[in-house]
Each structure stands twice: as C-alpha cells, then as structure tokens.
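S.K.: Here is how the chains run, residue by residue.
Protein chains: 2
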Amino acid sequence: MKLDQLKVAICQINSTVGDLSGNSRKIIEYYLKSVEDYSPDMVVFPECALSGYPPEDLLLKSGFMNALAKSLDSVRKEVGRTLAVVGTPMMKEGRRFNSAVGIQNGKILWAYSKRILPNYGVFDEKRYFTPGSDLGLFRVQGVPAGISICEDIWEDDMRLSPCMAQAKRGAKILINISASPFHSGKFGVRYDLLKRRVAAVKTPVIYANCVGGQDELVYDGRSMAMDAKGQLRVLASSFEEDIRIVHIDLANGQVKSIWREKAALPLGVPEIHQALVLGTRDYVNKNRFKSALVGLSGGVDSALVAALAAEAIGRDRVIGVTLPSKFSSEETRGDAEKLARNLGIQFLKIPIQKINRAFLDELAPFLKGRKPDVTEENLQPRIRATILMALSNRYGHLVLTTGNKSEIAAGYCTLYGDTAGGFAMLKDASKGMVYSLARYVNKMAGRPVIPASTLSRAPTAELKFRQKDQDTLPPYPVLDKILDGYVEEDLGYDDLIRKGFDKETVKKVIRMVDSSEYKRRQSPPGIKISPKAFGRDRRMPVTNLFSDSP
Amino acid sequence: MKLDQLKVAICQINSTVGDLSGNSRKIIEYYLKSVEDYSPDMVVFPECALSGYPPEDLLLKSGFMNALAKSLDSVRKEVGRTLAVVGTPMMKEGRRFNSAVGIQNGKILWAYSKRILPNYGVFDEKRYFTPGSDLGLFRVQGVPAGISICEDIWEDDMRLSPCMAQAKRGAKILINISASPFHSGKFGVRYDLLKRRVAAVKTPVIYANCVGGQDELVYDGRSMAMDAKGQLRVLASSFEEDIRIVHIDLANGQVKSIWREKAALPLGVPEIHQALVLGTRDYVNKNRFKSALVGLSGGVDSALVAALAAEAIGRDRVIGVTLPSKFSSEETRGDAEKLARNLGIQFLKIPIQKINRAFLDELAPFLKGRKPDVTEENLQPRIRATILMALSNRYGHLVLTTGNKSEIAAGYCTLYGDTAGGFAMLKDASKGMVYSLARYVNKMAGRPVIPASTLSRAPTAELKFRQKDQDTLPPYPVLDKILDGYVEEDLGYDDLIRKGFDKETVKKVIRMVDSSEYKRRQSPPGIKISPKAFGRDRRMPVTNLFSDSP
Chain A
167 MKLDQLKVAI
177 CQINSTVGDL
187 SGNSRKIIEY
197 YLKSVEDYSP
207 DMVVFPECAL
217 SGYPPEDLLL
227 KSGFMNALAK
237 SLDSVRKEVG
247 RTLAVVGTPM
257 MKEGRRFNSA
267 VGIQNGKILW
277 AYSKRILPNY
287 GVFDEKRYFT
297 PGSDLGLFRV
307 QGVPAGISIC
317 EDIWEDDMRL
327 SPCMAQAKRG
337 AKILINISAS
347 PFHSGKFGVR
357 YDLLKRRVAA
367 VKTPVIYANC
377 VGGQDELVYD
387 GRSMAMDAKG
397 QLRVLASSFE
407 EDIRIVHIDL
417 ANGQVKSIWR
427 EKAALPLGVP
437 EIHQALVLGT
447 RDYVNKNRFK
457 SALVGLSGGV
467 DSALVAALAA
477 EAIGRDRVIG
487 VTLPSKFSSE
497 ETRGDAEKLA
507 RNLGIQFLKI
517 PIQKINRAFL
527 DELAPFLKGR
537 KPDVTEENLQ
547 PRIRATILMA
557 LSNRYGHLVL
567 TTGNKSEIAA
577 GYCTLYGDTA
587 GGFAMLKDAS
597 KGMVYSLARY
607 VNKMAGRPVI
617 PASTLSRAPT
627 AELKFRQKDQ
637 DTLPPYPVLD
647 KILDGYVEED
657 LGYDDLIRKG
667 FDKETVKKVI
677 RMVDSSEYKR
687 RQSPPGIKIS
697 PKAFGRDRRM
707 PVTNLFSDSP
Chain B
167 MKLDQLKVAI
177 CQINSTVGDL
187 SGNSRKIIEY
197 YLKSVEDYSP
207 DMVVFPECAL
217 SGYPPEDLLL
227 KSGFMNALAK
237 SLDSVRKEVG
247 RTLAVVGTPM
257 MKEGRRFNSA
267 VGIQNGKILW
277 AYSKRILPNY
287 GVFDEKRYFT
297 PGSDLGLFRV
307 QGVPAGISIC
317 EDIWEDDMRL
327 SPCMAQAKRG
337 AKILINISAS
347 PFHSGKFGVR
357 YDLLKRRVAA
367 VKTPVIYANC
377 VGGQDELVYD
387 GRSMAMDAKG
397 QLRVLASSFE
407 EDIRIVHIDL
417 ANGQVKSIWR
427 EKAALPLGVP
437 EIHQALVLGT
447 RDYVNKNRFK
457 SALVGLSGGV
467 DSALVAALAA
477 EAIGRDRVIG
487 VTLPSKFSSE
497 ETRGDAEKLA
507 RNLGIQFLKI
517 PIQKINRAFL
527 DELAPFLKGR
537 KPDVTEENLQ
547 PRIRATILMA
557 LSNRYGHLVL
567 TTGNKSEIAA
577 GYCTLYGDTA
587 GGFAMLKDAS
597 KGMVYSLARY
607 VNKMAGRPVI
617 PASTLSRAPT
627 AELKFRQKDQ
637 DTLPPYPVLD
647 KILDGYVEED
657 LGYDDLIRKG
667 FDKETVKKVI
677 RMVDSSEYKR
687 RQSPPGIKIS
697 PKAFGRDRRM
707 PVTNLFSDSP
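In the order they appear, the protein sequences are chains A and B. Take 167 as the starting number for the first sequence in the numbering used here and just add one per residue. Take 167 as the starting number for the second sequence in the numbering used here and just add one per residue.
Among the hints, erroneous ones may be present.
[Claimed, not checked] Simulated crosslink set (EDC-like; lysine to aspartate or glutamate; CA at most 16 Å straight-line):
#, chain 1, residue 1, chain 2, residue 2
1, A, K227, B, E655
2, B, K698, A, D223
3, B, K227, A, D650
[As the list claims (entries may be wrong)] So the derived label-pair ranges between C-beta atoms look like this:
#, chain 1, residue 1, chain 2, residue 2, range
4, A, Y286, B, R335, 27 to 37 Å
5, A, K368, B, P297, 27 to 37 Å
6, A, A235, B, G287, 22 to 32 Å
7, A, P641, B, L326, 26 to 36 Å
8, B, R335, A, A235, 27 to 37 Å
9, B, R632, A, A235, 45 to 55 Å
10, B, A366, A, L433, 33 to 43 Å
11, B, G351, A, P531, 41 to 51 Å
12, A, P643, B, S187, 27 to 37 Å
13, A, T671, B, L514, 37 to 47 Å
14, A, A235, B, S187, 50 to 60 Å
15, A, K537, B, S187, 32 to 42 Å
16, B, S240, A, E406, 13 to 23 Å
[Said to hold, decoys possible] Below, a sample of chain B positions facing chain A; criterion: calculated Cβ distance under 7 Å:
#, residue
17, V183
18, P297
19, D300
20, R305
21, Q512
22, I516
23, Q519
24, N544
25, R548
26, N710
Hint data in this document are derived by calculation from the structure and do not stem from the laboratory. For every residue, glycine included, the Cβ atom is placed at its ideal position computed from N, Cα and C.
This is chain A alone, in the form it adopts within the complex (with noise of 0.2 Å):
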C-alpha cells in the first residue's frame, strides 16, 4: 500500500546529557501519546535524544556506550506499527556513529549515521564520530524519505548533500533530526537554509530539534516543516516542549499543520530573554539544585540576573544577598532592597566592612608604603564570593554570578570575587544587551520590577569612593562595538580603525581582552546568545604573545 498523505509526528523533546533512564521514559511516553492521539504515520525524534547533547567524553566510555544500548533496547520494546525515528549514539564495529534510528513493531529497521561532522564553533564531532556512509532513505507506509541529521542538510554542495542524493533517488519527503543551539538571529539563518535547500531539492522538508539547556549551550526548538515550495507551514514553540504532528500531501508536497496554528516567534530581545530563563532553569534543576542565591549590589547586573531567575525557577527559590562596604551608597543599599522586595525573594543582608577591617590589618605589613589599588579593591569581592560560597555550602544554592560579557571581555571583573559561582547566565550578554533585557523585563511586568534608578545611574563597581566602569573602560557603547568586532567577528586592529573606531581605544581593548584570558579559563560556563561565546566557542591559549594590535 502506498499513500498519498502522510502524518508526521515531530517531539520536540528536552533530554537531559546522560540521564539515560529518563530520556529513554521521555521517548516512550512521546511516542505513545502522539500515536494515541494523532495516529501519525511516523513520530520523529531529535538528533541524540536518547543520550542529550552534546554528551562529550561520556562517549569514550565504554559504560556510556552500553548503557546506551540497553536504553534503545527499552525503547525499541515500546514501538509498536508507528515508525519512530530516534536519535542516538551507537557502536558499530567497534566504531562510534551519531545516528537516526528507525524503529517499527519492537524492531530496528535500520540506522542512518551523520555523514557530515560539524568541528568548528562549540562542536567536537570528529573526535567522537566516524562520519556514515548511507544514503538515509527509508520506506514510511510504503513512501520513499530521506533521513539526516543536523549537519547533513547544512551541506551547501549539491554534489555532496545527503538530502540531495535523497531526493535524486526518489525520497518524497525529507526529515532532518537536529541538536541545533540557539544563538541570537540563528533561526533566520536556519530559516534561510530550509528554503535554499527547498529550493534544490523540490520536497517537502521537516525539521525536528531539541529543547533545552545543556551547561553553556540552549536549544531553542521551533521545529519546522516547509512545503515544496519552500513556504514554511508548521512552526513548533520556541523553548518549550511541544508536539508538532505534519500532513503532507504527496502528490504536490503541499504541507499542512494538524489542529495547531503556528507557534509564537519571539525574536531580538525577547528571545534572548527566553533563552536565558530556559538555559538557567534546566542548569538548576538538571543539576539538581534546590535554589540559587544571587549577591545584589543595586546595579543592573545583578538585578537583571535576580528576575531572569526568579522567573526560570520560581521566586521562592531564589535568595538575593546583599554585601554592602563603607563604598555602597545609600542609594545602590536602596535599590538592592527594593528589588529583592519587588521580585518577592528572600533578602539578606551581610556587611562585609569588619572583615574587610580584618583583612587590611592582617595584610597591613605587607603592603604598606603604597597607595591603595586594585589590590585593596579587589578584597571586597573576594570577600562576597566567600560568603556567598558558605551559604551555599550550607544551605546548598546554587550561587548565579551575575557578570556581563562586556567585563568579562575586557577582564573588567575579580578572580575568585564577582566571577566566582556555578553559572554565569550574563556571560554572552553585553551590558548594551543587559539594559535591553532590563528593560524588557519591566515592561513585561507592566510596572519597574527593577527599580529606575538601578537603570539610569552610571555604572558603578563601588569598590572605592566615586568610582565610576567608565573610570577605566570605555563607554559601554564604545566598548561593546569594539567588542563586537574583535570578538564576535575575529577582525584585527586595523579592521576595526577602518570601521571608525579610535586607534587608542581599540588598543586599549585589544590589550584589555588578550590580557585576561587567564580570568575566563577559570569562569564558570554560561548561556551562550551570541555567534560567539566565550569558553567552547572560542579557544584561546593562555600563554600567547600574539597582539593583533600595534
């Protein structure tokens, strides 16, 4: 029997790196309610949904990898006359294969492997993977489909595509499982690349991703399927969960969505705001933190980051604390307090001044005859970070840092001090882009959840009297271009001169961002937003004379 319609089931699933048991209970209980209650032809699973992504060095582990098995083997024994295609890792003589598994009746039909492996940016592939060599068609109800995972269909090169060799050979739809993370504008550029293959290949195509954060990593989902002529007909929830079932018409590859509309699609800044609520509330719970503790020094940082996490995982698990010295003014005391009251958290206060004292007069001997510096300084966060660290020692937060990308670039920031905790959730996000997103939030909450004068005062560290970030870094407008380019974009100094940018300044950036290098090796992972975020996204030696300055 052939058909001349077809319904697809796309899960677009969040699993967890290394929680076998429960990704392999998540795909059953998918599959079942999608057969129950939409009957589709086919439920399609994401690229490594058995194992989570990107699962690492756990693949070089032969306990990994049979543990793996036995977890298909679960879930091949709950398939029924549905085919389910499922996303895994798997052994093949002796060999690991990233691979689509297509499962039917308690049987595995067969298994595609990734034939193109991504290597750049924040992917590894071609240290855990052996690249396939199928051609990925399948039969689905007697209907000829392709099959390929993420890469695959971001091939270019017609005489190398996989999906094109699929339709060559007669596929009438095509299905692409994918672990694509989220960074700002990312779906337009998946967008664009569904229509340019589309456009080649003259099928229907369907998109399934995860969902989900993973350490530095968020999946945005939004799953997709575009019909023949490359207009897009079912968009799934962008940082949710969601079932999508697909009907594709076969005798004109026209694509319908069944019983839902399209899904909402928030791009620009709310869809960074999402991002960094899902990236922080599964880097909570996957591990398995009851709460989060934030120090709250009445900037926008840490306000930004208190609401984010109020919001990813409830305010009664979120603690802010604040720390003030003889520096913190009236005002930034004020507006801690008046946060922590507007957001509905738990607030404690804890005056670092005596053990400052303490410090300064133990350290006294050893540096006296020099007026005070970074070194006097940088004792208050350290001293923060100390404290932060035994309540959650005790009580077992989570502490969340709260620094932005913009210092964290330039190494505007202390060692051990503000960069001390388990996540960063601002570490990609620019002070430009912390201001938005403040705002955003209060707009959002229709009322100034974060208190106005926390977004209008300059920016300040309050680590001595009247200190102002523009005091010893450029103005944030400045710096984050700056930053923009040389980071973001890899361009060199006299890139930047021709962009406009004054020679000292870019200089002193290029100086301020080679030079610290040393302080983000050692920062805790983040939510990357950005096409390039600082730590698996860019690999840069400690040790390095290079300048790419005059």
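Position chain B against the provided structure of chain A, taking the given hints into account.
M.R.: Frame of chain A; chain B shown alone:
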C-alpha cells in the same frame, strides 16, 4: 650532483605560542649557527616552530595568519644555500594548512601540508586545518627525501601512510617534524613507533620534536635519528633546546651522530620531575611573571611545589607564605618554615585566625542552629586564597596552586580556596607520585630539603581538629589505582570490580569524581604528565546524570 652522504641539523627549539617575532628570530639564529658550526646539507625545525603549538583559535584570526606569513618571509630572507625546513601554519586558497616549508637561497621551494590531522586527546586539528594532499617528496643535494608532520608518521595502515608512499617513490631518508607533547612513558611509545615505521620503510628516519611548556602541555624534545635497520643512533636532550647533527650514509642507510654522544634519557620519576620544572618555568617566564607565590601548609604537596618552583625559576623568585589557623599544628607550622629555610626562599607568615573570626561573626546569624560542617572548613582555604591573591595583585606574583591529581579527581579541594591560582603544577600528579617526586628531590639534593616529618606525617587538610585526608578519602594507594582506571583508562564500575577493588570504595570514588566536574571546570591549567590529564584531554559535561556505577 648526487651525494652519497647527507648531514642534517635538527634544531630542537622552544617556541612560544604567538611570539612570531621571537620565534622567527630564534629560527634564524639556530639556522645560522647550525650552518656556521656544522655545514649541514639541511636544517630542520619542529612542527609549527614559527607559531608555537597549539595556537588554538588564534588560527581563526586573519590578523594572525597574515602576521605568520610576514614572519615566514623574514625567515626566508635569511636562508642561504643550505636548505631549511620550517614548520608553520599557512593559508592556501582561503584554507589553513599545517605545513612544512622548504626554503633555500631566499626562496620558498616547496610547502608540504600535514595529511593526517589528529583530533583526539589534547588535539583539535580538524577544527583548524584542511588535510594536505602532497606526496611530500623533495630533493636535498639531489637526494630524494620525504617530509611528514607529526601524526603523519603515526599512521599504521601502510596503505594510508605518507611515509610509506614516500619510501615507495624512492625517498632515501624520511624527515618527520613534530610537536609531540610529553606524558610519562611517551618516549617509549615514540621509539616503538619509529622502530615499526623503519621496519616497513627501510630507510633512515629523522624525528625532530620541539621542546618547552605551553599551558597544559610540555614538550620533551628527545628528537631522534634511527638508521635503516631500526637502531637509534642520535638522541637529543630531554626538556632542553638542542642542536643535533645527523650524518647519513646513503649507500647503506647507516646513521651516526656528529661530535656528540646520545643525550641522557631520564625516565619515570626523573622525567616527570623535569617535565614539571620546565612546564612551570615556561609558564612563568612566557607569561612574564617575575615571581611566584606558594601557600605553604607544612604538607608534602605545597613543599614539592615550592621546591620545584625554586628549581624552575630560582629561589630568589619564589615566595612561600604560611597562613596558619588554630587548626595548624606546631609540627606543620615548623615544617613550613623549615622548608622555606632549606630552599632559601623568602618566607612570609600571615595568620588567618582573626579574619576567620570576623567571617564567623558576620555569618553567625545565617549559619546558627547547625553543627559546623564543610561550610566553616571551606572558609579557611578561601581566606588564604584571598590573601595570596592580594599579594599577587600588589606585587604581580603568579600564585601556584598545590593540589594534586588525586584530590582534584575526588573533588577533595575547595573551589576559590586551594584551587585558586594561575597554575596548578601538580594537577596531573597523583598523591603517590607527589611522594615519589618529593623523595627524589631530597635524594638529588643529598639532604632532606623537604623535611622528613612532612613525608612521614599522615596527610591532613587541617581544616578542623584531628582531621586526616583518610577520614574522607580511601587510602591514597587504593584511591590512586582506582583513579588510574576510572580517569585515565575510562574503565567503568564492572571493569574495576573485576580488577579486584572493593565495591563500596569504587562506588564512592566514581561518585566523587563525577560530582566534582564543576570544580575542575574552573581550575587553572596544569602540566599534563599522564596519558589522560584533566583539562583539554578529558572533556566532561558538567550537567550530566550518567553514572557508570550502580
């Protein structure tokens, strides 16, 4: 003219990543010296001698690639009628290659690009480079020779081996240039490899390795030349720059060293000792630190770090700081002071008791109602870290951390406390190895530089009264063996039980290692001395629910 003998100079140099002007000057200097002193037919430099290895994401910067091309040009101009072979990354048609360049009479004659790119362990070459497709055959004084780069010669499948292809096409001698990182036992692995390769290709092989420290890696040098019968005839120094002149009789494939005997070959504890000394010296000097600071507890780890640091950079550049608390015994206090005196390093004493009291007072309202636990214990190393970092901020010292691999594996360390510092010398040395190294230091000195009482006392963190490491950890000899299996060999629970370890102990160790990944993620770089080090060698997700243990 075709010669019946060849003279090849191996320049085993210590390049610095990114120091393009320094590296090119060094290459020119070694070239000119080799030519003047020994009149060789060819002068050979290691892989990536011009850039240093690994340059990591510097390679993605066009500014870096352009600067490399300019530096190569400055080398080119200095090369006269003696052929120079220089390793460097290169751009060709918009792609990056890991190349060896043949230069003569101020002209680039050829460039061979590495064909087999390693992408495992500490290597990420597929992230950066396109594999070459050249045969790698060239002529020196009319004699056909083959050039290959590092991994090229490791390929054991003779159908894929660039070296075998060169031999088949008539190469009379094979040159391999490498940047092969050290681990204990690596020399034997390389020696066996060259034996295997010569047995297949039946020509003399020259293996030119680099030397020096680069973040987590240290290169041991030990360049070699093997004759056509597989006898090692030339062996360059370990952990030192060197020039070796290899004389090859082309008629019979005999090889001899000119003027100098084979270098001494330290193995086992002595080679690890040298690796740690060189790795530390290069980290300090290449990063331009004038001095290093070590917190001295009276225990064996900090004693060894101080002793090796003094050896690496000179005792006048090392400062020992003891930071006693009320839990510090008279014995450990005395040992710290005795050690500093024995080493002749500057010694500071900064008690932490009053600062600790200030923290406890301020925290009292938030910690009350519970028995003291790890919260109070961890305050102490964090206070010590803050003091050491204050001295570092004021005087520019590098803080050396003192944790060993056993502690770091088990998470028996305080994040932002004893893990805080710029360089973790013993990060890859197990507790057992620390004792072996300490005894070796004393043996070499001919006196107990590290006090006998430090070596005989049961290990203690002294964070509470009568505390012993073994209250928390399995005995170190057992722990170290389980860690060897679990970390270095990726064995699982079942494998370890089969090896005869106690079930509960294995479970406990696996749990400790798995649950402390977040601490290691934020730890400073340290020197790889084992086949698998923490850091870029072992890349584990933090968010990970897999356990290879029941």
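S.K.: Now tell me if each hint is right for this structure.
M.R.: Results of checking the hints against the structure:
1. With a CA separation close to 9 Å, the supplied pair A/K227 and B/E655 stays within the 16 Å bound.
2. About 12 Å separates the Cα atoms of B/K698 and A/D223, which keeps this hinted pair within 16 Å; it holds.
3. For the hint linking B/K227 to A/D650, the alpha-carbon distance of about 14 Å falls within 16 Å, and the restraint holds.
4. Judged by the Cβ atoms, the range 27 to 37 Å given for A/Y286 and B/R335 holds: they are separated by roughly 34 Å.
5. A hinted range of 27 to 37 Å for the beta carbons of A/K368 and B/P297 is consistent with their spacing of about 34 Å.
6. Checked against the hint of 22 to 32 Å, the C-beta distance between A/A235 and B/G287 comes to roughly 25 Å, which is consistent with it.
7. At roughly 56 Å, the beta carbons of A/P641 and B/L326 sit outside the given window of 26 to 36 Å.
8. In this structure, B/R335 and A/A235 break the distance hint of 27 to 37 Å, their C-beta atoms being roughly 45 Å apart.
9. About 48 Å separates the C-beta atoms of B/R632 and A/A235, a value consistent with the hinted range of 45 to 55 Å.
10. The beta-carbon spacing between B/A366 and A/L433, approximately 59 Å, falls outside the hinted interval of 33 to 43 Å.
11. Our hint of 41 to 51 Å for B/G351 and A/P531 holds, since their Cβ atoms are close to 48 Å apart.
12. For A/P643 and B/S187, the Cβ-Cβ distance of about 35 Å falls inside the hinted range of 27 to 37 Å, so the restraint holds.
13. For A/T671 and B/L514, the Cβ-Cβ distance of about 40 Å falls inside the hinted range of 37 to 47 Å, so the restraint holds.
14. Checked against the hint of 50 to 60 Å, the C-beta distance between A/A235 and B/S187 comes to roughly 54 Å, which is consistent with it.
15. Restraint check, A/K537 to B/S187: a C-beta distance of roughly 36 Å satisfies the suggested window 32 to 42 Å.
16. Separated by about 57 Å at the C-beta atoms, B/S240 and A/E406 break the suggested range of 13 to 23 Å.
17. Restraint check, B/V183 versus chain A: the minimum CB separation of about 5 Å is within 7 Å; hint holds.
18. With 7 Å as the threshold, the beta carbon of B/P297 stays out of range of chain A, its nearest partner Cβ sitting at about 11 Å, so the hint is violated.
19. A hinted interface residue such as B/D300 counts as satisfied when its beta carbon comes closer than 7 Å to some beta carbon of chain A; here the least separation is about 22 Å, so the hint is violated.
20. Hint on B/R305 is violated. Least Cβ distance to chain A is approximately 35 Å, over the 7 Å limit.
21. Of the supplied interface hints, the one on B/Q512 is violated, with its beta-carbon coming no nearer than about 11 Å to a beta-carbon of chain A, more than 7 Å.
22. Against a cut-off of 7 Å between C-beta atoms, the interface hint on B/I516 holds, since the closest Cβ of chain A lies about 6 Å away.
23. Of the supplied interface hints, the one on B/Q519 is violated, with its beta-carbon coming no nearer than about 9 Å to a beta-carbon of chain A, more than 7 Å.
24. A least Cβ separation of about 5 Å between B/N544 and chain A falls short of the 7 Å threshold, and the interface hint therefore holds.
25. Below 7 Å, beta-carbon pairs count as interface contacts, and B/R548 has one with chain A at about 4 Å; its hint therefore holds.
26. Of the supplied interface hints, the one on B/N710 holds, with its beta-carbon coming within about 4 Å of a beta-carbon of chain A, less than 7 Å.
Consistency note: the structure conflicts with the earlier hints numbered 7, 8, 10, 16, 18, 19, 20, 21 and 23.
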